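Letter by letter, the chains look like this.
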Amino acid sequence: MKKFVGFAKRNLKDYLPILALIFVIVLFAILSNGQTLNTNNIKQIMLQSCTYIVAGLGIIFTMSLGNMDMSLDGIVCLSAFLGLQATEQFGPWAMFGMIIVAAIMCELVIGGINILLGINSVIVSFAVSFFGKGVAGYIIGNRSTGLSVPSVFNGLYSKTLFYAIAIVSIIVLSVVFHYTKLGKRTMAIGSNPTAAKAAGINVTKFKLLAYLVAGIMMGIATTMIVLRSGAIGATTGAGFHITMLLMMVIGGASLTGGTKEKIYSVVVGVLLFLCLENGLTVLGADPNVIGLIEGIIFLASVTLTFDRDGVPYIL
Amino acid sequence: MIGREFTEGYYRSDYDDNYNHDKVMLEVKDIKLGNLLKGISFNVHEGEILGIGGLTDCGMHDLAKVIYGLIKPDSGEVRLPQKDVLITNSTKAVNNSMGYIPKDRELEGLMLAASIKDNICMMSMDKVKNGFLITPGSTKKLANEEVEALSIKIGGLELPVSSLSGGNKQKVAIAKCMANDVEILIMDCPTRGIDVGVKAAIYRLLEKFKAEGRAIVMVSEELPELIGMSDNLIIMRNGKVTVRLKRSADLTEQDVISEMI
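Residue numbers (the numbering used here), protein chains in the order written: chain A, 644 to 958; chain B, -1 to 259.
I should point out that these hints are in silico values taken from the structure, not numbers from a laboratory.
Here the structure is a predicted model, which is why all the values come from computation and not from measurement.
We put the beta carbon where it would ideally sit given N, CA and C, even for glycine.
Since no wrong hints were added, every one of them can be taken at face value.
Using 25 Å as the maximum straight-line C-alpha spacing, the simulated SDA-like pairs for lysine to any residue come out as follows:
{"no.": "1", "chain 1": "B", "residue 1": "LYS127", "chain 2": "A", "residue 2": "VAL811"}
{"no.": "2", "chain 1": "B", "residue 1": "LYS206", "chain 2": "B", "residue 2": "GLU219"}
{"no.": "3", "chain 1": "A", "residue 1": "LYS824", "chain 2": "B", "residue 2": "GLU143"}
{"no.": "4", "chain 1": "A", "residue 1": "LYS848", "chain 2": "B", "residue 2": "LEU84"}
{"no.": "5", "chain 1": "A", "residue 1": "LYS656", "chain 2": "A", "residue 2": "GLU937"}
{"no.": "6", "chain 1": "A", "residue 1": "LYS848", "chain 2": "B", "residue 2": "LEU131"}
{"no.": "7", "chain 1": "B", "residue 1": "LYS90", "chain 2": "A", "residue 2": "TYR822"}
{"no.": "8", "chain 1": "B", "residue 1": "LYS138", "chain 2": "A", "residue 2": "LEU655"}
{"no.": "9", "chain 1": "B", "residue 1": "LYS101", "chain 2": "B", "residue 2": "ASP179"}
{"no.": "10", "chain 1": "B", "residue 1": "LYS36", "chain 2": "B", "residue 2": "THR240"}
{"no.": "11", "chain 1": "B", "residue 1": "LYS139", "chain 2": "A", "residue 2": "THR823"}
Footprint (simulated), chain B over chain A, 3 or more residues, beta carbon under 8 Å:
{"no.": "12", "region": "836 to 847"}
{"no.": "13", "region": "898 to 906"}
Bound conformation, chain A alone (with noise of 0.2 Å):
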C-alpha cells in the first residue's frame, strides 16, 4: 500500500490530465442528464479534434524546445490564403503542396531567425503571425471575388479520411517523438542547450528538423481546416494560437520543454479542451464565463508543468 502510495505520488503529475478528462466527461454527462453523450455530440468532438490533434502533434516538438509558438493563426491564414490563390493558377491540385510548403517555410523562417539572431522564439513568431494575417488580410480585403476550395476536392472532407490523418498522424509522431534520435535530441536541447552542445548534439541542425516537423504538421492541418471549411477570409485560423496553447499546457505539455514532453499530451489536452468547452456550451453557459473557467485552468496546469529545476537561470 505504502509502495502503491509513493507511486501514485509520483506519476500523479503525469496522469493528471486524464484523470481530468474523464472527471469532465463524467460531470458534464451528469449535469446535462447525458446529453454531451449523445453519439451526434461525440462525433461532433471527434471531428473537431482531428485538426487540433494534427497540429498539436508537431507544435510539442518545437515545445520541447522550450520554444513557445504563437504564430499558428498567421501560418494558418497565410498557407491557405496562398494555396487556394495557387489553384488560380496552377490548377486545383497545386493546394496541397502550396499550403504545405507555405507552412513549411513560415516555420523554418520563426526557427531560422531564433537561431541565427538568438531572438527569443516568442517575439519571432509573433511577427510571423502579423506578417502572415497582414499579407492574406490585404490581399483577401482587396480582392473581387472570393477564395474556395475547388469544387473537385467536396468529397475530401469526410468523417473518415480526417480520422485516418488523425490516427497516422499519432502513431507516426509518437514513434518519432519517443522513439528517434530526432525526438530525443530536441528534447535534450529543450532541457539545457548548453549540456546537448557538449555532449555532440548538432543543435542547429535538431532546432531546424523540429521547426521542420511543425512546419509538415501545420501544413496538414491547414489543409484539413480548408477542407472543412470551404472558402477562406481573413480570420481563417484567428485564434488558433491561442487555442492550441491551452489545449497542450492542460494536457500537461511543459511550455520549457525538455524530456519530460509527452506526446499523449496532446491528444489528451485536445479532447479536454474541447469536452470541457462542448460540456459548458451545452450546458448554456456564458461564453465569458468559459473563457474564465479556461483561465483558471490554464493558470493551474502551467503552475503544475512549470519544470522549475530546468531554468535556473531564470527564477
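Since the structure of chain A is provided, determine the placement of chain B on it from the hints.
Below, chain B alone, put in the same frame as chain A:
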C-alpha cells in the same frame, strides 16, 4: 589548495613511465585564441593522463573547450592522428570518441530536470539505436551498465539528476561519456565541489581509464590532484605554457606554484 597532506592510496601510487609513447591519440598544435591562449601545443598518448594546471584565468578552461570543439580558435588545430580527423566542432568530437566533462556540471554538463537514464544515454544515441528506433529497453540496459560500472548511488533510473549529490552528479556526467566508449576524455576540474570519498572514487576511475588505454586530459585548479595523478603536467600562465613537468615522486607544490604566478 596548499598545505594538504598526500594521503596514502588517495592519489596514484605508481611513479613509472607506463603509457604508450608511440601512439599519439590527440595532437594540439599552436592554438591561439585572442588574449586567452597564445600558442599552446602538446600531444596526449594512449594511456596517458595529462594534467593542465594554473590559476583559473590562465586560459586552461578555454583550452579544454577549444580541444573539444566548443570554441573555435583563431588559429591552430586539434587533430586525432589515429583517425586522421581535425576536430572543428563538438559533434565531430563525439563522433570520434571524445568526451568532455565541463567545469560547471550543473549548467553545462547535465540536464538537471531530466532523468538519470536520459542523461546517461544523451551522448550515445547512435550506439543504442536499433535501425531507426531507440527503444526504452536498450537505453535502460546501457544506463544500468554504466551505473553499475561507476557504482553511482541512485534511487532509480527515472529520478531526476537534480535529486543526486554533487559527487554522484559528477559520476553521471562521467557515465554519460563512458556510455559512448570515449577514448579521449577531457575533464575540466573533475573533482570540483565533491566530497573526499567520491573524489577518491573518481581518482580510481581515472586509473582504470588509464589502464584501459584511454587518453585523459585533466584541467584542474588543485595542485595535489595534478601532481598526484598526471603522467605529464603542463603549467600555464596568461595563456602560455610556462613549464612541462614529468611525473616524479620528488615534485612538490612549491616547484609548481613558482611557475603559476
